[in-house]
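Colleague: Start from the sequences and build out the full structure, keeping to the hints where you can.
Protein chains in written order, with the working numbering: chain A, 1 to 209; chain B, 1 to 209.
These aren't lab readings, by the way, just hints derived from the structure by calculation.
Among the hints, erroneous ones may be present.
One copy or any two copies: either way a pair holds, since identical chains are not told apart in the list.
As the list claims (entries may be wrong) - Computed cross-link-like contacts, EDC-like style, restricted to lysine to aspartate or glutamate with a CA-CA straight-line distance of at most 20 Å:
1. K144 / E116
2. K144 / E123
3. K144 / E204
4. K193 / E183
5. K193 / D169
6. K144 / D2
7. K193 / E204
8. K193 / E168
9. K144 / D94
10. K193 / D58
11. K144 / D88
Predicted, not measured: the structure shown is a model, and the values here were computed from it.
Number of protein chains: 2
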Amino acid sequence: MDIAIPLYDRFTALDAVGPYEVLSRLPGARVTFLAREPGPVTTDNGMLTLTAESALEDLPRPGLVLVPGGPGARDLLDDEPMLAWIRDAHEHSDWTTSVCTGSLLLGAAGVLDGLEATSHWLELETLGGFGARPTGRRVVEQGKVVTSAGVSSGIDMALVLAARIAGEDFAKAVQLMIEYDPEPPFDSGSTDKAAPELVRTIRERVAGS
Amino acid sequence: MDIAIPLYDRFTALDAVGPYEVLSRLPGARVTFLAREPGPVTTDNGMLTLTAESALEDLPRPGLVLVPGGPGARDLLDDEPMLAWIRDAHEHSDWTTSVCTGSLLLGAAGVLDGLEATSHWLELETLGGFGARPTGRRVVEQGKVVTSAGVSSGIDMALVLAARIAGEDFAKAVQLMIEYDPEPPFDSGSTDKAAPELVRTIRERVAGS
Numbered sequence: 001m002d003i004a005i006p007l008y009d010r011f012t013a014l015d016a017v018g019p020y021e022v023l024s025r026l027p028g029a030r031v032t033f034l035a036r037e038p039g040p041v042t043t044d045n046g047m048l049t050l051t052a053e054s055a056l057e058d059l060p061r062p063g064l065v066l067v068p069g070g071p072g073a074r075d076l077l078d079d080e081p082m083l084a085w086i087r088d089a090h091e092h093s094d095w096t097t098s099v100c101t102g103s104l105l106l107g108a109a110g111v112l113d114g115l116e117a118t119s120h121w122l123e124l125e126t127l128g129g130f131g132a133r134p135t136g137r138r139v140v141e142q143g144k145v146v147t148s149a150g151v152s153s154g155i156d157m158a159l160v161l162a163a164r165i166a167g168e169d170f171a172k173a174v175q176l177m178i179e180y181d182p183e184p185p186f187d188s189g190s191t192d193k194a195a196p197e198l199v200r201t202i203r204e205r206v207a208g209s
Numbered sequence: 001m002d003i004a005i006p007l008y009d010r011f012t013a014l015d016a017v018g019p020y021e022v023l024s025r026l027p028g029a030r031v032t033f034l035a036r037e038p039g040p041v042t043t044d045n046g047m048l049t050l051t052a053e054s055a056l057e058d059l060p061r062p063g064l065v066l067v068p069g070g071p072g073a074r075d076l077l078d079d080e081p082m083l084a085w086i087r088d089a090h091e092h093s094d095w096t097t098s099v100c101t102g103s104l105l106l107g108a109a110g111v112l113d114g115l116e117a118t119s120h121w122l123e124l125e126t127l128g129g130f131g132a133r134p135t136g137r138r139v140v141e142q143g144k145v146v147t148s149a150g151v152s153s154g155i156d157m158a159l160v161l162a163a164r165i166a167g168e169d170f171a172k173a174v175q176l177m178i179e180y181d182p183e184p185p186f187d188s189g190s191t192d193k194a195a196p197e198l199v200r201t202i203r204e205r206v207a208g209s
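Modeller: Given below as structure tokens:
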């Protein structure tokens, strides 16, 4: 299966690389990183550059589309070449998926109309403006459209997809190979669990930026 | 703080990018990806290329060293330029760390002599041959030397480091920003939890390869 991960300036690296690490292990999977033009694409903090091997138009019909999020997603919400690529790829895909604010791009492309979907917790409200019904769940399956919450959630989503595509036993083998037995040292990974003061401080900082 | 992540042919992407996603958010952090020579470095499956911005010798004294693992680590166990860089960097670092089989490189450089350390579960025995005392714990702190288990464990380790470096409140804020509230769909992420038959099958496949 061809798996396409479109990159863009100021994407968030783990959004893309987490799911890649799982999905690339599926039997017959071929993951291709794409961009408007092939070449280097730099992440949100400017500290890491990945290579897009191909242009978007070089892989118009992947079996699985995975759109990562990041601050740069906002710059593409009216970028017709990217949105047209997503729209067309979705029409023919087996799976259309996103991590974090990648769902805003799915929404802007019209993929989420009437569907439940998720995004980074700071952008759930924005997501509602794109025809989706936002939910705070970590991985949201709506037929072939699967969205996941912020940044690290793509690993969980990719294991769900791995099970759907290659079976639960295979997904479990991948989980063991990447030793995904999480032990976060704190319990602060969602707005339900983090200190309310912390959630408020971050919301205020983002609103003021 | 300068954070150096040395890359090499056939490293495993998530080993490097998981911790990068956490550590790059620390106040004043500057993450630099290094390699023998600056330029593209391709991952273990050949599907992803990251850019090393600098040569090893361009950043001899980072505050934090993080050595990722991957199948290519085995090719470097007697690579004196890499091992000498690790050895020298460790002598001056505040933190010397590894993910997955990156610990084999720390061991080969002499960094782990007499210390408890961990690695990918398939390589714990090998690690014992490099002077370390292997343990199955996910994150192993021995003063400034911190090692973590397979692939995905680097995220947990990086949050531990974030707390040590910038305080627990800051680490919790990073955890919330990357929405690290893991929900693996299966409980198959370690040899203690996966089906014994699966563990055996993978061990036999690796032994036969």
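Colleague: Against this structure, judge whether each hint is valid.
Modeller: Structure-based check of each hint:
no. : hint        : in the structure
1   : K144 / E116 : within (12 Å within a copy, 46 Å between copies)
2   : K144 / E123 : neither (22 Å within a copy, 38 Å between copies)
3   : K144 / E204 : neither (35 Å within a copy, 35 Å between copies)
4   : K193 / E183 : both (15 Å within a copy, 14 Å between copies)
5   : K193 / D169 : between (31 Å within a copy, 14 Å between copies)
6   : K144 / D2   : within (15 Å within a copy, 43 Å between copies)
7   : K193 / E204 : within (18 Å within a copy, 41 Å between copies)
8   : K193 / E168 : between (29 Å within a copy, 15 Å between copies)
9   : K144 / D94  : within (6 Å within a copy, 47 Å between copies)
10  : K193 / D58  : neither (43 Å within a copy, 42 Å between copies)
11  : K144 / D88  : within (14 Å within a copy, 51 Å between copies)
Going through the hint list in order, the structure does not satisfy hints 2, 3, 10.
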